[in-house]
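Got chain A sorted already, so can you dock chain F onto it with the hints?
Spelled out from the first residue to the last, the chains are:
Protein chains: 2
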Amino acid sequence: MKIGIVGLGLIGGSLGLDFTRLGHQVVGVARRQATCEAAIAQGAVQQASMDLQALSNADIIFICTPLHVIESTAIALVPHLSPQTVLTDVGSVKGTIVDAVTRHWPNFVGGHPMAGKTEVGIEVAEPHLFAHRAYVITPTAQTPLAAVDRLATLARDIKAVVHTCSPAIHDRAVAWISHLPVMISGSLIQACLQEPDPQVRKLAQQFASSGFRDTSRVGGGHPDLGLLMASHNRQEVLRSLTVYQQQIQQLMAWIEAENWEAIAAQLTENHHVRPAFTQSAPAPDTAEP
Amino acid sequence: MKIGIVGLGLIGGSLGLDFTRLGHQVVGVARRQATCEAAIAQGAVQQASMDLQALSNADIIFICTPLHVIESTAIALVPHLSPQTVLTDVGSVKGTIVDAVTRHWPNFVGGHPMAGKTEVGIEVAEPHLFAHRAYVITPTAQTPLAAVDRLATLARDIKAVVHTCSPAIHDRAVAWISHLPVMISGSLIQACLQEPDPQVRKLAQQFASSGFRDTSRVGGGHPDLGLLMASHNRQEVLRSLTVYQQQIQQLMAWIEAENWEAIAAQLTENHHVRPAFTQSAPAPDTAEP
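Read top to bottom, the protein sequences are chains A and F. For what it's worth, the working numbering labels the leading residue of the first sequence as 32, then goes sequentially. For what it's worth, the working numbering labels the leading residue of the second sequence as 32, then goes sequentially.
None of these hints come from the bench; they were simulated from the model. There's no promise every hint is true.
It does not matter which identical chain is meant; a pair holds if it fits inside one copy or across any two.
Straight-line alpha carbon distances no greater than 27 Å define the calculated BS3-like cross-link-like pairs of lysine-lysine that follow [stated by the list, open to error]:
(1) 190 to 33
(2) 190 to 233
(3) 233 to 33
(4) 233 to 148
(5) 190 to 148
Fair warning: this is a prediction, and the values are worked out from it, not measured in the lab.
The shape of chain A in the complex, shown without the other chains:
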């Protein structure tokens, strides 16, 4: 199969490494010549170019660019596509993307491989990044079944666990476990900065340990990522924050009223339900400082 990859970063490069290993013809497109050369040198692609023309006649093309340029990349690709070319993306929001890109290319199917690490770029691409991780495919009623099948087969070939749901359901689910954590984690850092006493602020920084480090990690991540989540999944992020806000208010009311029984029951429930959310998560990323 001829597979095209636009955007040779962590995700695009790692997909390329796996597809190359499986014997596919993999052609990459990046904005910079240095990235093209690095991707070839790493074995992530066999050919690489800064020209989308290189992807003509591809059987499937993965758009692995940042969220805000997926649509413009698709528009630029269209003149180079054969009618049977399947277009897909790896963006972390699906509703707006699927709507927009399908209008330009009906043979599009949205995808979201739920893998990543703290670092970005082709240098940190690695084989088997998607193995045993969720790969969400989000067809609509109009998506050609053959396009879904082609993507699902490739995802399973790289050992990912395929889930299929509508773009709307996807966006609601990731708001809870991916976008909401970024928002509430960032607000933790901001809250600490509001302490007016400089001695307390300084000691807080000196005393901060693994609890603060873990809880603040995604909130202190790359600013673009949080911004794209909030702007592209705005309604669902607001919906989850509204519910979260109510939980904080409830907890404050219980502490105010010294209702320790209610708090104990909630903390016990948290302790027992959390493993259902973390059983599929990979080992902690020890590269994180």
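Chain F only, in chain A's frame:
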């Protein structure tokens, strides 16, 4: 020096391992015979007993019990103490503890070694647990200077970084970086449980990855710990939650108004200030599931 340790868990056991290695006479007291035997077998103490009498004539005694039994342990210890015995504790809240225990034993100085790990118990005690970590000492105007000196010297001997501040300042600082994270992390888990659509709830669990895992870690920890933080540091926890609540409201207002510039500025600030809080934190605890 004769050093007593009441409560032979992770902290008490680890202190014992370090003090024994430094050549001190270390005597432990635990509630269960099996714990006493395990502590001796591990080399955490040279003698261990279920009777506080074993600690008579100690130069310093570390109360390493859970927060809610520190005061009652001190009361039980008093009949066995020589006038010059320094009493200290390792509790994570200092205001209420220092007030209460000082009334029973004026030669008391509050302490808080900021070290820990996910697991608890004598089995996971380890040498050098406190090395390069903050050890907060919280004297009041009435605390004998000799008591502060004795504790500070021992803390520096085990390579901890000694910080001295009032109990009130300590409690305010740890509310920000230790207690608030537990509260907001727990509310994240609770918020996800409020999703009414079972399909979304199930997919959210299946999609949850390292971001959710890290942000929810301390909120899904042992229920007793969060409860003791909220109840023993109630005012400061409420104060930090009030400020946090305002941050969440501000963020929601910005998303609602599509004020992406304000959000980008805040996320960028988060990204840049977080390292000031995490430079002293140890490497991620890879034992955490």
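Okay, the hints, checked on the actual structure:
no. : hint       : verdict
1   : 190 to 33  : within (19 Å within a copy, 59 Å between copies)
2   : 190 to 233 : between (47 Å within a copy, 21 Å between copies)
3   : 233 to 33  : neither (56 Å within a copy, 35 Å between copies)
4   : 233 to 148 : between (30 Å within a copy, 24 Å between copies)
5   : 190 to 148 : within (18 Å within a copy, 33 Å between copies)
In this structure, only the earlier hint numbered 3 is contradicted, and the remaining ones agree with it.
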